[in-house]
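**Q** One letter stands for each residue in the lines below.
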Amino acid sequence: MAETQEPKGTKKSGMSRRNFLKNSGLVAGGIVGGGLFGGLIGSQMKKPKEEKKAAKETTNDAEARTFFSRSEDFETLSAAVERLYPEDKIGPGAIGLGVPYFIDRQLASDWGSNAKEYMKGPFPQNQEAAYYENLNTDQNKQGPNSVTQVAAPSPRYQTRMNRGEIFREGIKVLQESAQSNHKKKFFELEGEQMDEILTKMQEGKVRMNGIHSTVFFSLLLKTTIEGAYSDPVYGGNRDMAGWKMVEYPGPRMGYLGQIEDDEFAVMKQESLRDYQEMWG
Amino acid sequence: MAKKLEKVDVVVVGSGWAGGIVSAEAAKAGHKVVTLERGKPVDRQDYVGVKDELRFSDRYEMMQNLAPETITSRNTLDEEALPVRTRSEMMAGTDLGGGSVHWAGATYRWRPIDFEIRSKTIERYGEKKIPEGMIIRDWGITYDEMEPYYDKWEKTAGISGEPDPLGDKRSSDYPNPPIKESPAVRLFKDTTKKMGYHPYQVASANLSQSYKNPDGETIAQCMFCSFCTEYGCDFGAKSDPLVTVIPTAVKTGNCEIRTHSLVRRVLHENGKATGVMYVDLRTGLEYIQPADVVVLGAFSFTNNRLLMLSKIGEQYDPKTRKGVIGRNFNGQFGITFLGARGFFEDKKFNLFMGAGALGGTMSDFAGDNFDHTDLDFINGGGIELRQYGHGPIARNSVPKGTKNWGPDFKEKSIHYTNRSLVAWYTPAVMSWWHNYTSLDPTYTDEFGDPLLRITNKYTDHDKAMAKFGIEKCTEIMEKMGADIVDPDEIPEEFDHVYDGGHYAGGVSMGEDPETSAINNYLQLWDMENLFVVGGSAFPQFGGHHPTATIGALSYRASEGVIKYLKEPGLLTQPKKEGAKA
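If you read the protein sequences in the order shown, they are chains A and B.
Once you know that position 13 of the first sequence is 13 in full-length UniProt numbering, the rest is easy, because the numbers rise by one and skip nothing.
Once you know that position 206 of the second sequence is 206 in full-length UniProt numbering, the rest is easy, because the numbers rise by one and skip nothing.
Chain A on its own, in the form it takes in the complex (with noise of 0.2 Å):
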């Protein structure tokens, strides 16, 4: 299973498990490391030793969950997109480039809450609305902007939900589907039975409240391309480590002296502020 971001707040504030427990009073009557409590507190804190491992991932301060609440649910979208885009030889997966974050905050934006979509109801439950959901349109069934789209299908959407309730939705449909299947947490799964439960979402064979199981995959598919391929500011991309992998340099004035070139060019990647401070 792939390794998955730790909290860092505890550690930063020189706050441990322990002291944490203990100055919120909820070392008390014994029920600490065992209980109803004990079990609650416990399971959402990381071990001593997992916040050594963690120290050495990051020590971005822009890394922090702003729209997951919950940490099981951002470890069970971290397993996830890692088995989307995986850490290879050629480099690093969706959580080393930082995608779960790139997720977090994009749902945390407008984009996450459809205000610029047209929200307005009567939101049918039809046949007909559960078959342009159903829809997919692949890339080489796409119109004029084939190549300026993701290699996903993109159902159409109709749905009352927003991109963040979907998230929310489908993410709390990969942790049942574990449990149910595998008796486990979603994250703990072997990586084939991630991807048999991964599969069955895409293929619409996972019931979900409100839409098509597809229509969540295909937002997670887009949403792990976008974050490792876009600008480092949006918190994906770290360290423009997917960008070296594709080859792509970043933003720049242009091209006019080698657009006739034959040969392909190799260039040191660029970020969008980089591009900015040379406009200043």
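You may find that some hints are simply not true.
Stretches of chain B that chain A covers, calculated by requiring three or more beta carbons in the stretch to come under 8 Å of a beta carbon on chain A [claimed, not checked]: (1) 60 to 71; (2) 77 to 84; (3) 181 to 188; (4) 218 to 227.
Calculated from the model, a selection of chain A residues having no Cβ within reach of chain B, i.e. all distances over 12 Å [as the list claims (entries may be wrong)]: (5) 63; (6) 64; (7) 65; (8) 66; (9) 165; (10) 175; (11) 182; (12) 184; (13) 185; (14) 208; (15) 226; (16) 239.
Not the full set, but computed from the structure, chain B residues with beta-carbon under 8 Å of chain A [claimed, not checked]: (17) 48; (18) 49; (19) 51; (20) 353; (21) 396; (22) 406; (23) 411; (24) 417; (25) 418; (26) 496.
It should be emphasised that the hints constitute simulated quantities derived from the structure, not laboratory data.
Note that the Cβ used here is the ideal one computed from N, Cα and C, for glycine as well.
Fit chain B to the supplied structure of chain A, relying on the hints for placement.
**A** Same frame as chain A, now just chain B:
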């Protein structure tokens, strides 16, 4: 209660090529013009330092906010239409300059047959060639009559190009030489030439050199930065209304541009337009702008809807096939622009470089340049290979049969990201009795006004054309040396994704008021001081990209507006259509 403003000569709705050109020409002729734009004011400075793929290509920064208003869509008359809710399904530009700012810049003149498709098809193949239900017609204007307007627009926009070897008569060359050629474009041109075709460089509104247009506006040289289609140009090197007709209109001192101004109604009395009612979207206050002439130069959807909301002209009813407003809806989207994608093992292209209109093209299968006797369609289109230059979010194509996620997807998408090219067909689109626009009975905008409803389905004719184009593109891609060639698949039915911006018709041109809404000056038959300008005027779609034709029609309409202000009346007399559509 709406506040009534001082009367002007001309009020123009919209500030893209259509509204912008009419505003500039009327203002240059000394008329007082007010131009109303629903979006915000922008200029080149708004596009400096913002080359950001996610924001512009995936979050549609320059597209209309759909929360207050969208369209609804269905395939057939007996279905209930549903709203097109997200901006990934509905591409329509907004802000000053409209959709003409985010455009790519590919420039084509349409062909003589595009303007006279009905009579020329009958002349060469006989009446039987036109299938039942296809309501194509001649425009009431010929290519030769359009030529001076094309020429004028090309000079305003500083188009950089070389003549189409299979093109039609031109009064002068493009004002600028063609833009540079990339290795991918060269490969396409060399290959198709060897195959006996007639390739040439796509004429481009991304300029090959710095240029001063006849109105005195300077357009800069294109840098091939790739942030072009779906973006504004940070160098002022893509010809758009912001660097041409809008400053031209403003500097006359005769044109006032009001942004954040959403027009909700055309006002009229006794068969004459008296002005428009609009809302300032910041304050919510309503205004009435009276004018002698009203010009609708907004996006085709808006032109259609404003007439319907204002109860002007007779709404088309597909059951009786009577009425003209909403009739002849057509456009290049969905089933058009299909072709083949090639994957190259031993070639690597700089696909992160490019320009909106950088490309090779050929007209061997356009218009009536090839014999249709044994083909089950009429007209045709260009075959193009374009190098827009794309960011990495967009470039993740993998050969068919590859799973679209997981280790194999990652490896192959990275491998092919700089090794995959597309050739596509840009076919003409015919109009049919069952494809039309009307007001939706259920869904409304933020003010409670009905949304525009599109009823659109594919026909066997569309599919035959798509199949033909895919076969030709597949052959070209194979000859180009691609190791894997994936032909596009023909979709069964229109999936309600309005991408590419080429939606047209509904307020279409013609000679007969029984079947057309406007005459060849884009003047409404039913209301002679109302001109409806833009892609909404196309009775059917030509076989190439539409912008030059919209530019040319806008110059034609400007002439009409100025003529009308001098001497009011119908500028063209109606004729009965020879054969009833």
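**Q** Hints first: check each against the structure and report whether it holds.
**A** We went through each hint and held it up to the structure:
no., hint, verdict
1, 60 to 71, "holds (count 6)"
2, 77 to 84, "holds (count 5)"
3, 181 to 188, "holds (count 3)"
4, 218 to 227, "holds (count 7)"
5, 63, "holds, 18 Å"
6, 64, "holds, 20 Å"
7, 65, "holds, 20 Å"
8, 66, "holds, 17 Å"
9, 165, "holds, 14 Å"
10, 175, "holds, 20 Å"
11, 182, "holds, 20 Å"
12, 184, "holds, 21 Å"
13, 185, "holds, 21 Å"
14, 208, "holds, 18 Å"
15, 226, "violated, 5 Å"
16, 239, "holds, 15 Å"
17, 48, "holds, 6 Å"
18, 49, "holds, 4 Å"
19, 51, "holds, 4 Å"
20, 353, "holds, 4 Å"
21, 396, "holds, 4 Å"
22, 406, "holds, 7 Å"
23, 411, "holds, 7 Å"
24, 417, "holds, 5 Å"
25, 418, "holds, 7 Å"
26, 496, "holds, 6 Å"
Hint check: a violation occurs at hint 15 only; the rest are consistent with the structure.
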